[in-house]
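Chains as they are written, first to last, in this note's numbering: chain A, 8 to 699; chain B, 4 to 271.
Fair warning: there could be bad hints in the mix.
What the hints assert, rightly or not - Pairs of lysine-lysine residues, derived as DSS-like cross-links and limited to a Cα-Cα distance of at most 25 Å, are as follows:
#: 1; chain 1: B; residue 1: K166; chain 2: A; residue 2: K688
#: 2; chain 1: A; residue 1: K668; chain 2: A; residue 2: K688
#: 3; chain 1: B; residue 1: K117; chain 2: A; residue 2: K526
#: 4; chain 1: A; residue 1: K425; chain 2: A; residue 2: K526
#: 5; chain 1: A; residue 1: K315; chain 2: A; residue 2: K526
#: 6; chain 1: B; residue 1: K137; chain 2: B; residue 2: K117
#: 7; chain 1: A; residue 1: K688; chain 2: A; residue 2: K315
#: 8; chain 1: A; residue 1: K668; chain 2: B; residue 2: K215
#: 9; chain 1: A; residue 1: K684; chain 2: B; residue 2: K117
#: 10; chain 1: B; residue 1: K137; chain 2: A; residue 2: K684
#: 11; chain 1: A; residue 1: K684; chain 2: A; residue 2: K315
#: 12; chain 1: B; residue 1: K117; chain 2: B; residue 2: K60
#: 13; chain 1: A; residue 1: K668; chain 2: A; residue 2: K684
#: 14; chain 1: B; residue 1: K137; chain 2: A; residue 2: K688
Derived from the structure by calculation, the hints contain no laboratory data.
Predicted, not measured: the structure shown is a model, and the values here were computed from it.
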Amino acid sequence: MTSSGQSSRKLFEHELEERLDQLLFASPSHRSITRLATGLEPLSRARQDLVLHWAGVTAQTCAEIGHLIVSLAPKALDLLDADDFEAWVLAALDSYDRQGLRPAMESLRNLEAFATERSGAPFARLAEVEGRLTRFVQGLSGRPLAVRAGNAAWTDTDTIFLPELLAAMPDAEGNRRLYKAMAAHLWAQTRYGTFSADLDAALDRWPDRQRALAWLTLLEAVRLDSRIGAELPGLAAEMAELRGPWPEVLVPAVARLAAATATVRDSLDLVAEFVAAGGVPPRLTFAGTLDPAAARLVRAERIARETKVLRNALAALKSSGGRKQGGEPLLELVPTDEGGPAEFRVDGEVVTLPPEAQAAAQSLVQDLGELPPEVLTPAGPGGWAPTDRIDNTPEQISDRAADWRYDEWDYHRSAYRKGWCHVYEMQVAPGDADYVSEVSTRYRLLINQIRRRFEAVRGEDRVLGRQPEGEEIDLDAQVDAHIDRRSGIEPSPRLFCRRIRNERSMAAMFMVDMSGSTKGWVNDAERESLIMLCEAIEALGDDYAIYGFSGWTRTRCDIYRIKAFGDRYDETVRRRIAGIEAKDYTRMGVAIRHLTRLLAAQPVRHKLLVTLSDGRPDDFGDEYRGAYGIEDTRRALQEARRQGIRSYCVTIDRSGADYLKHMYGPAAYSVLDDVGKLPLKLADIYRRLTAN
Amino acid sequence: MDMLSPQLASIAEEPYYQAVGEEVGLFEAAAARRLPVLLKGPTGCGKTRFVEYMAWKLRRPLVTVACHDDLTTADLLGRYLIVGNETVWMDGPLTAAVRAGAICYLDEIVEARKDTTVVIHPLADSRRVLTVDKRGELLPAPDDFMLVISYNPGYQSILKEIKPSTRQRFVAMEFDYPAPELETQIVAAEGGVDLELAGKLVKLGELTRNLKGQGLDEGASTRLLVHAAQIVSAGRTPTEAANAAVARALTDDPDMTETLNDLVRAVF
Ligand SMILES: Nc1ncnc2c1ncn2[C@@H]1O[C@H](COP(=O)(O)OP(=O)(O)OP(=O)(O)O)[C@@H](O)[C@H]1O
Ligand SMILES: [Mg+2]
């Protein structure tokens, strides 16, 4: 690195600004350049030159990276010397080349981690242990508990947050073990009822809330430690080794909290004693922190959601078990001996809940210790209520003529409205280039599993025995023929074996709901499952297409082409998948009709239409809402069936509405709240369609 | 023409079976009413053992057939063999079971070809007859004859299903891994270890079942836990035994193996 200027005077802000303007030619706004220049002004000339040099170099590759380097430079130069600064920049360029912009930006922002690494301190990074921790916690908990990077170690009961980097232990292995101990401890908070009391209210009793919270955190650590010890002694021993003996002040509390019956209330009682005693709470590395307010919200939401799932399942059981005329069926929850899951009984008979409801029940027991009686009140007939969006106005209606027109079924008239819906085929704006690779990395294990399942579907060549002709003689048949001849029966001429290739002739169309109501997790779920499906179906070699749909009234039904039949699963398609977003309304019938037509034209034997939606057909204005939309959708599926197309309708939702059964009547359908389940289900369907 | 039919003996010694629910009573009721039974449940949860136990209890011979996709009707019904200059009929296991009034257990019925499964249809409804068409024989089943089939609704058979016309002939009984204390007793008794170690193995089993569908096709079965216990009772350490009999038996994936090792370490 040499400085280029003749003089070694520091550059002033306006000079820096000018240079930066040239270097970062693609910079977003002038104002931000001024801010960048302000940041660089206090630096020495040598450092200013260093930064400008690298800003110029990186901006050749990507202006945004140059921009970020300049903005982080003052802080970076506090932590790094010139060599390390260079290494920091080069590492980012490297990850840009290999993985793209987002990882590169992330690598730059991980400045502290980078500095620690360069200083040679032995540490562990969450990124390297995240997958392992996630699977470990999944094994421990039996319900999903995500692991993500956060500012501190804490949990909201759905996600465990851990620091991005740990350096408390003297070596990297020690720090990895510390990660595990922290994760296990936070899992224990969700498993053994730390949040089962209203901690917020309880803590309000103390004027120094922070201190009370610190004591509570410690006392809970003591209590949870013995709960872990009782069930998972190996893990408890590992954690004890990391922490050493309990700090002296906590020792008096250990006996009470170690009792198997101790709850968070015992810890709260003890907080009173410790606060009164006035000591300073010691620090305990793996105990993390508690955020009772956040945890309470998440927990309450989960409990409400799962209660609903369970009640819906019970309602379904109730209505199907209606042998007795009149009178409410008696629903009971009978706990089996300790450990085993409780049994549900309807009128005294044990019934099996569907898996989602079982999972919900198990999770509720973890949260509440038992299932509260109100869970046993089945849900009423409560229907589906589309949210009103009258504040919206239609976007500009396209002035080109419709690409296609389709009839629509009007159940009031029991007749079609001719040419009622105007279909336009559109493009999806490409999304983030890295999204697909991120998702496929995140779900790598699952994708492997799905691939294996699809490979099983692909099937192998098989040998058919007793064929009239073939490349080999079937010995069994020969022997039989011989015997027949001897016993005077006319022998069968089917004496050969033939090897047959398992020819598949199949095309699938995926139809993705891009309506406004999918905004949020449903949209994520759709995109993630598409990625997993593509990965899996690629292995199968069948042709498939992906189209999105949304729209605004019958005169603007938009169909978005993401992957047409014959398109390859390439970068363009991947970016389009990433770009799938929630748009307007859901006029489902017309989308099914259009895509059915595309699919019907495929020269294959088996045709499968898979719809991914949130199961709420709805359009602007009242017309399509409710029964009309449901009936039209049902009709469209019937039409598809008549053209030899099998449909499979997937509703991504946490609880399925009751009209689904009617609407999807002509098709198979299922309600999923977990994208991971979809590809496995589909593998099953593929198999059933093509096995004969 | 001569005919050969294998001699079937009843099970002499009581097989160890730990009842987990109402299954024994139900099975007896089905037997008393001459109804066929369908057992479903994941692999290694005790279905085969249960049938052995019931055969002993009802004092009937047991014929077990492991179904596979090359199983032909002849394999079930029997075939002619050439012995010297003679053709001799040899009963297949199903025919032999019908003649002897035995329990015939068709394990993993979904694996069998559809055309094979249909031969059991007339046996499994009120007709209770077996048609051996090669011999032109219509064999009525004696009262003691009982048909039991099993299938595992888990991984393999997600791809395969029993046809409703087959399925609806059977009284269905659902099996699952036993509740923890029961499973502990089973592992201790079968594996020859104490209750404490058995309890830990059962705990490990539960943790692996939490990973089903999250990288594992199935969690550890009771069978695997029994195996681990047996290896301990043969002198290996619990960790060694669990890694060999459980972790490595469940997966080949290095990440998953690492996770299972973590869980093993947590339990012991
Ligand atoms: N209830 C039980 N009582 C006694 N032993 C049991 C019981 N359940 C499981 N086992 C043990 O588990 C082992 C596996 O059981 P079994 O072979 O009956 O499984 P399965 O359900 O037939 O499995 P698969 O579907 O793979 O054939 C048995 O050998 C036995 O040791
Ligand atoms: Mg078996």
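Hint-by-hint comparison with the structure:
Simply put, K166 of chain B and K688 of chain A have alpha-carbon atoms about 19 Å apart, close enough for the 25 Å limit, and the pair holds. For the suggested pair K668 of chain A and K688 of chain A, the alpha carbons sit about 18 Å apart, so the restraint of at most 25 Å is met. Using a Cα cut-off of 25 Å, the hinted pair K117 of chain B and K526 of chain A is violated, with the two alpha carbons roughly 46 Å apart. As the CA atoms of K425 of chain A and K526 of chain A are separated by approximately 32 Å, the hinted pair breaks the 25 Å bound.
For a cut-off of 25 Å, the pair hint linking K315 of chain A to K526 of chain A stands: about 21 Å separates their Cα positions. Between K137 of chain B and K117 of chain B the CA atoms are separated by roughly 19 Å; this keeps the pair inside 25 Å, and the hint holds. Only pairs whose Cα atoms come within 25 Å are accepted, and K688 of chain A paired with K315 of chain A is accepted, the gap being roughly 24 Å. A threshold of 25 Å between alpha carbons decides the hint, and for K668 of chain A with K215 of chain B the separation of about 28 Å lies outside it, so the pair is violated.
Taken as a hint, the K684 of chain A and K117 of chain B pair is broken in the structure, with Cα atoms around 28 Å apart against an allowance of 25 Å. A threshold of 25 Å between alpha carbons decides the hint, and for K137 of chain B with K684 of chain A the separation of about 47 Å lies outside it, so the pair is violated. Of the supplied pair hints, the one linking K684 of chain A and K315 of chain A holds, its CA atoms being roughly 20 Å apart against a limit of 25 Å. Distance restraint check for K117 of chain B and K60 of chain B: the Cα-Cα separation of roughly 32 Å exceeds the 25 Å cut-off, and the hinted pair is therefore not satisfied.
For the hint pairing K668 of chain A with K684 of chain A, the CA-to-CA distance comes to about 20 Å; that is within 25 Å, so the pair holds. Of the pairs offered as hints, the one joining K137 of chain B and K688 of chain A is violated, with about 42 Å between alpha carbons and a cut-off of 25 Å exceeded.
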